[in-house]
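Participant: The residues making up each chain are set out below.
There are 2 protein chains.
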Amino acid sequence: MAKKSTRAQSVSTAFRVGPEFDLAGVDPAATPVGPSSKVEAAEDLAAVGEQLDALQETLYAEGLGGGRRSVLLVLQGIDTSGKGGTIRHVAGLVNPQGLRIASFKKPTPAERRHHFLWRIRRQLPEPGYIGVFDRSHYEDVLVPRVDELVPAAELDRRYEAINDFERELAEAGTTVVKCLLHISPQRQRERLIARLENPVKRWKYDPQDLAVRAKFSRYQLAYQEALTRCSTPAAPWHVVPSDRKWYRNWAVARLLLEALRDLGPVYPEPSYDPQVELARLREDDPLR
Amino acid sequence: MAKKSTRAQSVSTAFRVGPEFDLAGVDPAATPVGPSSKVEAAEDLAAVGEQLDALQETLYAEGLGGGRRSVLLVLQGIDTSGKGGTIRHVAGLVNPQGLRIASFKKPTPAERRHHFLWRIRRQLPEPGYIGVFDRSHYEDVLVPRVDELVPAAELDRRYEAINDFERELAEAGTTVVKCLLHISPQRQRERLIARLENPVKRWKYDPQDLAVRAKFSRYQLAYQEALTRCSTPAAPWHVVPSDRKWYRNWAVARLLLEALRDLGPVYPEPSYDPQVELARLREDDPLR
Numbered sequence: 455m456a457k458k459s460t461r462a463q464s465v466s467t468a469f470r471v472g473p474e475f476d477l478a479g480v481d482p483a484a485t486p487v488g489p490s491s492k493v494e495a496a497e498d499l500a501a502v503g504e505q506l507d508a509l510q511e512t513l514y515a516e517g518l519g520g521g522r523r524s525v526l527l528v529l530q531g532i533d534t535s536g537k538g539g540t541i542r543h544v545a546g547l548v549n550p551q552g553l554r555i556a557s558f559k560k561p562t563p564a565e566r567r568h569h570f571l572w573r574i575r576r577q578l579p580e581p582g583y584i585g586v587f588d589r590s591h592y593e594d595v596l597v598p599r600v601d602e603l604v605p606a607a608e609l610d611r612r613y614e615a616i617n618d619f620e621r622e623l624a625e626a627g628t629t630v631v632k633c634l635l636h637i638s639p640q641r642q643r644e645r646l647i648a649r650l651e652n653p654v655k656r657w658k659y660d661p662q663d664l665a666v667r668a669k670f671s672r673y674q675l676a677y678q679e680a681l682t683r684c685s686t687p688a689a690p691w692h693v694v695p696s697d698r699k700w701y702r703n704w705a706v707a708r709l710l711l712e713a714l715r716d717l718g719p720v721y722p723e724p725s726y727d728p729q730v731e732l733a734r735l736r737e738d739d740p741l742r
Numbered sequence: 455m456a457k458k459s460t461r462a463q464s465v466s467t468a469f470r471v472g473p474e475f476d477l478a479g480v481d482p483a484a485t486p487v488g489p490s491s492k493v494e495a496a497e498d499l500a501a502v503g504e505q506l507d508a509l510q511e512t513l514y515a516e517g518l519g520g521g522r523r524s525v526l527l528v529l530q531g532i533d534t535s536g537k538g539g540t541i542r543h544v545a546g547l548v549n550p551q552g553l554r555i556a557s558f559k560k561p562t563p564a565e566r567r568h569h570f571l572w573r574i575r576r577q578l579p580e581p582g583y584i585g586v587f588d589r590s591h592y593e594d595v596l597v598p599r600v601d602e603l604v605p606a607a608e609l610d611r612r613y614e615a616i617n618d619f620e621r622e623l624a625e626a627g628t629t630v631v632k633c634l635l636h637i638s639p640q641r642q643r644e645r646l647i648a649r650l651e652n653p654v655k656r657w658k659y660d661p662q663d664l665a666v667r668a669k670f671s672r673y674q675l676a677y678q679e680a681l682t683r684c685s686t687p688a689a690p691w692h693v694v695p696s697d698r699k700w701y702r703n704w705a706v707a708r709l710l711l712e713a714l715r716d717l718g719p720v721y722p723e724p725s726y727d728p729q730v731e732l733a734r735l736r737e738d739d740p741l742r
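If you're matching them up, the sequences are chains W and V in order.
For what it's worth, the numbering used here labels the leading residue of the first sequence as 455, then goes sequentially.
For what it's worth, the numbering used here labels the leading residue of the second sequence as 455, then goes sequentially.
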């Protein structure tokens, strides 16, 4: 029965980054809660999908009715960690009309002239929407730390700016769900090789990926710092073991579902009397 | 065998608006080509979905590789004709990351100060993307004609402006797929009643819908004119019988598939030598 009670625990709690968090201690191949096989995961994902779809529609309706709330799913992770696959398989579970997907690449010279949060703010989901960030403002603390582009004091200021920004988002009605897709260097190697060997996957590969891969452990340290500095009550971080794609998809879908359930969107009260309108359609309709 | 040969014909040809087109002669409940049952349609839609998904990924890769091409699906139709449902069930077949969905409501005062195509141009899909318009620039010839808001000469200018605009899009590499979702007044009535009777559908209803419904036949005339004036070789119109949701979804998915097939996206040639990169990973990888 021990196993069962573990499985009933909140996925958000299971993956959350707390004060004593140590990234090096997280096994990227682990399946600490939830399904333990691909088949089991697929079954649960289908059920999660139906619930996500219904909650997303309610959130969308709430937004149209004047509600201010939204959800923002932030996906971080090194190359091949599965950010794109997660968007396809998790965001793909809901009506695309309610999604706002944004991808943040290396900042352009124009973007660089602004505060690092400028381009992020422009892509925030409107009320009623689920936003998905493929990389995010965290790039602006990860890359500079790994490549030693800014002094430590500037990094400190950025962590603080991020925490302020995310608290502000939460206060404005946006539930922020932050996920690090955590993979092992061995798995990254396999996936890079797969991209190179398969002609229809080669577009996903960039020779620069190997230069970044060479800094794998430095990125782990940068993540360790960013995650512990910026896992706040307003916007906690989650680390999702992502060596197994089926587990990663299941876990992120569950995290999104829990966020939407906690938010509890409600259909807006109609601004009209449904009975009056039904009578108009039934009795006065010129096109009967 | 006659039936079979009909079914093999191009869906785009079957629904295309030609010079002798008469909207009043199109049965909104017809199933002129393709499946004749919901089950058959679901089976074909699943197959279409797989092909759409693969072609969309190729188009996306082509765009990342410097390609200029894109697809724009324009959905028009009166309230309850199923624009939202089509987006959910057809656009929902592909990776949401490759979609750009835009919804055009009544223009805001700010939008009104610009040329009517201004807000449209801002929402065009970037290279590699599939854009979906839920209503479009056609609202600016339909509503003014029905409500007699502008003189005939101005409508003429707008039809011309639209034709120029769409030719320009085609020349720039955007395949435009325009669909009118055609429903009967009886079906609209049923769907409006369903929205009012079901508490979780009430948010989709607006009392103003009945005022628009009273002008049903005037909208049909406005569509007749817009469709015949603006069905051009560069951007033909298609009329999709939409009283049956399963047929509508199947038809639009097939139209989109044909457009993507005709476009024929190709994976970009890698800018690197895959064998060199594989050797780097296999031999020089510090993380082996």
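Don't read these hints as lab results, they were simulated from the structure.
A few of these clues could be false.
[Unchecked claim] Covered stretches of chain V (chain W as the covering partner; in silico rule of three or more C-beta atoms under 8 angstroms from a C-beta of chain W):
1. 524-537
2. 549-555
3. 667-679
[Claimed, not checked] Computed footprint of chain W on chain V, listed as stretches where at least three residues anywhere in the stretch have a Cβ under 8 angstroms from a Cβ of chain W:
4. 643-654
5. 717-730
Just so it is clear, CB atoms sit at the ideal spot from N, CA and C, and this is done for glycine as well.
Participant: Next, verify each hint and record whether it holds.
Facilitator: A quick look at each hint next to the structure:
For the segment 524-537 of chain V, the stated coverage by chain W is violated: 0 residues have a C-beta nearer than 8 angstroms to a C-beta of that chain, whereas at least 3 were required. Here the segment 549-555 of chain V counts 5 residues with a CB under 8 angstroms from a CB of chain W, which clears the bar of 3, and the coverage holds. Beta-carbon proximity to chain W at under 8 angstroms applies to 3 residues in the segment 667-679 of chain V; the threshold of 3 is reached and the given coverage holds. With 7 residues carrying a beta carbon less than 8 angstroms from a beta carbon of chain W, the segment 643-654 of chain V meets the three-residue requirement, and the given coverage holds.
Three residues within the 8 angstroms Cβ limit are the bar, and the segment 717-730 of chain V against chain W gives 5, so the coverage statement holds.
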